[in-house]
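As a plain string of letters, each chain reads:
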Amino acid sequence: MAKLAAVVGIGQTHYKTRRSDVSIAGLVREAAVNALEDAGLGWDDIDAVIIGKAPDMFEGVVMPEIYLTDALGCNGKPMLRVHTAGSVGGSTAIVAASHVQSGMFKRVLTVTFEKQSESNAMWALSTPQPFSVHLNAGAGGYFAPIIREYMRRSGAPYDVGIKVAVKDRLHGARNPLSHLQLPNITPQEVEDSMMLWDPIRFLEACPSSDGACAMVIAAEDLVQQSPKPPAWIRGVAMRSEPTMYAGREEVNPQAGRDCAADVYRQAGITDPRKDLDCAEVYVPFSWYEPMWLENLGFAPEGEGWKLTMSGATSLDEGGDIPWNCSGGVLSSNPIGASGMIRFAEAARQVRGDAGDHQVENAKLALGHAYGGGAQFFSMWVVGANKS
Amino acid sequence: MKDIAIVAFSQSDCLARAGAANEVELIMPQLRAVFSQVGLNNAQDVDFVCSGSCDYLQGAAFAFVAGVDALGAVPPIKESHVEMDAAWALYESILKIRMGQADSALIYGFGKSSSGELPIVLSQQLDPYYLAPLWVDTVSLAAMQARMLLEKELITERAMAQVVARARMHGRNNPHAQLGGEVSVDELLAAPTFVSPLRESDCAPVADGAAAMIICTPDKAREWGVPYALISGIDHRIETHNLGMRDLTDSVSTRLAAQTAGVSRGPVEVAEVYAPFSHQEIILGRALGLGDETVINPSGGVMVGNLMMASGLSRLGEVFRRIVSGEVSRGVAHATSGPCLQHNLVAVLESA
Amino acid sequence: MSEDTAAVTRIETPIYLKYNFTAGSAPARFLARIREGVLTGQRCPRCANVYIPPRGSCPACGVATEEEVVLPDKGTVQSFTVVAIPIPNNPIKPPFVIANLVLDGANLSFIHLMSECENSEVRIGQRVQAVWKPSSEWTHAMDNIRYFKSIDEPDVPIEKIGKLPLSGWEG
Chain A
4 MAKLAAVVGI GQTHYKTRRS DVSIAGLVRE AAVNALEDAG LGWDDIDAVI IGKAPDMFEG
64 VVMPEIYLTD ALGCNGKPML RVHTAGSVGG STAIVAASHV QSGMFKRVLT VTFEKQSESN
124 AMWALSTPQP FSVHLNAGAG GYFAPIIREY MRRSGAPYDV GIKVAVKDRL HGARNPLSHL
184 QLPNITPQEV EDSMMLWDPI RFLEACPSSD GACAMVIAAE DLVQQSPKPP AWIRGVAMRS
244 EPTMYAGREE VNPQAGRDCA ADVYRQAGIT DPRKDLDCAE VYVPFSWYEP MWLENLGFAP
304 EGEGWKLTMS GATSLDEGGD IPWNCSGGVL SSNPIGASGM IRFAEAARQV RGDAGDHQVE
364 NAKLALGHAY GGGAQFFSMW VVGANKS
Chain B
18 MKDIAIVAFS QSDCLARAGA ANEVELIMPQ LRAVFSQVGL NNAQDVDFVC SGSCDYLQGA
78 AFAFVAGVDA LGAVPPIKES HVEMDAAWAL YESILKIRMG QADSALIYGF GKSSSGELPI
138 VLSQQLDPYY LAPLWVDTVS LAAMQARMLL EKELITERAM AQVVARARMH GRNNPHAQLG
198 GEVSVDELLA APTFVSPLRE SDCAPVADGA AAMIICTPDK AREWGVPYAL ISGIDHRIET
258 HNLGMRDLTD SVSTRLAAQT AGVSRGPVEV AEVYAPFSHQ EIILGRALGL GDETVINPSG
318 GVMVGNLMMA SGLSRLGEVF RRIVSGEVSR GVAHATSGPC LQHNLVAVLE SA
Chain C
207 MSEDTAAVTR IETPIYLKYN FTAGSAPARF LARIREGVLT GQRCPRCANV YIPPRGSCPA
267 CGVATEEEVV LPDKGTVQSF TVVAIPIPNN PIKPPFVIAN LVLDGANLSF IHLMSECENS
327 EVRIGQRVQA VWKPSSEWTH AMDNIRYFKS IDEPDVPIEK IGKLPLSGWE G
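Protein chains in written order, with my numbering: chain A, 4 to 390; chain B, 18 to 369; chain C, 207 to 377.
For reference, chain A alone in the conformation it holds in the complex (with noise of 0.2 angstroms):
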């Protein structure tokens, strides 16, 4: 079995379109120093760095764990870099949590980052290659017809989308670390906003940010050293399968659907929307909302669009299963960090120590990430309590 294992300390930049003021080691060293002053303790206190991005290419840099060993105080002690696509956050907190779950250290920090601003994503996502057709086209351009297919198959009205863009944006507002703070953002601005890929307008896509997100993981016998409440790990699972297959369903992914059930079969979960008391999820376009909330179980499929305008997820609208509660990716998006600012704000909630956007009395959370062409997940529960 598994050794138990907790979140003694988290740390995060503020999140903007460019960092102009710190180079990519100052980044990543600004989180991890706020996650050890969070956690009480010093880089000598730490056994391992385990260091996650998304591609290289983002920032130019090859294998940059390479150059950032120094920013982390690493030097003489084991460091991993782990790239999973855009799931990448969620899964390097899980390879993190693994080094004392496994029993082999007591104490490790954890560090994603992306500094979108030193190269360019949408052209490292499109590299021509020959052969290929060049469309140009971005992620939006991959994601857009699989929402539309969401929409033809649930039936849903053309504003939920919408909804959830107001919505997230009304969350970030709370919270000063946010890239975008738009406290006065209407439903009607977010449909006057400019279509980029129908049906995803300007207003309804995630922006690119540079930021970093890290987090200190104690075994459970070091957990009393660090002054905050812990947030105990409850349960870790990662799902892949392929890009493209004959049959793939691509709107409600099974990669995720075995995920969520093995993370919540860890954590004792039997009905997510009741159990949980709040959660992170990686919702880069504002459909993906009611895809996730079917994909994770929270609603029956097709129906995830009603508990979105039912108010449910808007902790505004005091709903019972607030999501992004930080704003999500929506209002902040490093990419290679995006995930685990997931698994981290969920951490926050039940520690207690979410500011302003706080779920009151949040004991049980989950934080999600997923990557590529929506084929990788990972995803962590987190508690106020060990079991």
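No lab work stands behind these hints, which were simulated from the structure alone.
C-beta: ideal position from N, C-alpha, C; glycine also.
Chain B stretches covered by chain C per the calculated footprint, using a threshold of three residues with CB under 8 angstroms from any CB of chain C: (1) 42 to 53; (2) 80 to 86; (3) 89 to 101; (4) 124 to 132; (5) 140 to 154.
Using the hints provided, position chains B and C relative to the given structure of chain A.
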């Protein structure tokens, strides 16, 4: 803590150019080989899969995503990836087994380095503000390291050539080797320097290919009814990126990892070390505390074929093969990453 | 830092790397035929699904696809989007339609352009056919097909998309 058993290993031939084969086509034959060694059908029959690769070798983001197409990952599988040599994918898999989420794991690494100019591509591993814009390639950095060893009289050019001659000699018995054959130390020394003081023969050739391995708990290995070797110790350490702050004539991180892995707790009959340059094999032999009783790189090592992102895993595979064949009962494997041996992994393998 | 020295917040260090890209053995066979204007898919020996363009394996089964199947240049829209986002250096002027298309006799869609149609009339299940460049311009590339255009055939019901025989769709 749970013991870890290696039950299967396979690697491709080291080819200067793998021709038309793409990533999936490089990986599939190696996966088939390890599955058949254990009697498995595909990745559905193991609990976890982890791979190692580097996008910049091929020059395309998400190179590893294509690798998933080789697995038969329908229904979905538990899978992860490191942007490192697959030896570190092995490390991640060991954590997964020890935490109780898996009893078995498939590990693979692959690279098609011939697509680009490897030493130039790897120059972009360096500090992006100060060093990368200078385009200092890996061969030049290694040459500076060799120069320091020579000037301090810690090695001789003859000793370097002896490493190469021995590797080529061993390579004759390695069916996957790219180079191999009898060549005298004097012949090697007669060749002109390439990036002084290095001769071309001091540098590992660049190869395309893939390697795969299956590990599991000893219970699982007995259930499968296959011979296995145990990983009795494993550790890895990284050093500062600032070359000026490192003693380049030593490998402190290898020394540290060897200590934790327990290299000196028994006789080391063979050692497979990942030394892409001849002088680095000497540094590593010393850091690992190896003496005359140890045969270093009986496969010829990477001097006869260097599968980027898989060579580290192959070092473990080579020691594993010698243990299960009964040739030896205890050996050491080493993997490296980064300029001038910045990051090193050491594993001790023993017979069951 | 002295007051008269401005802080450097940005340096330009362009990276140029040259690669010899290889398509793969299976894609190479496909490309050799598309050079002659022939669309060739490959069938999985295990699940019998046909993939185009082939990439070397059946991703579901993890086995190499060997058997080749010549396919028609007619297909069906599985889903689509209208791209309006301006992307630097993009030769195609937005708004344009890209669609997931599945050829008759194939079981997996690929992404290509649609044109000669009203963007507002593109729909899931719509029948399309390739519009090829003049044969003098053909190379080893998928964009020998300039785009797909709508054709006058009845829409394919959702449950049949991706499952049509080589002979196509009669409605």
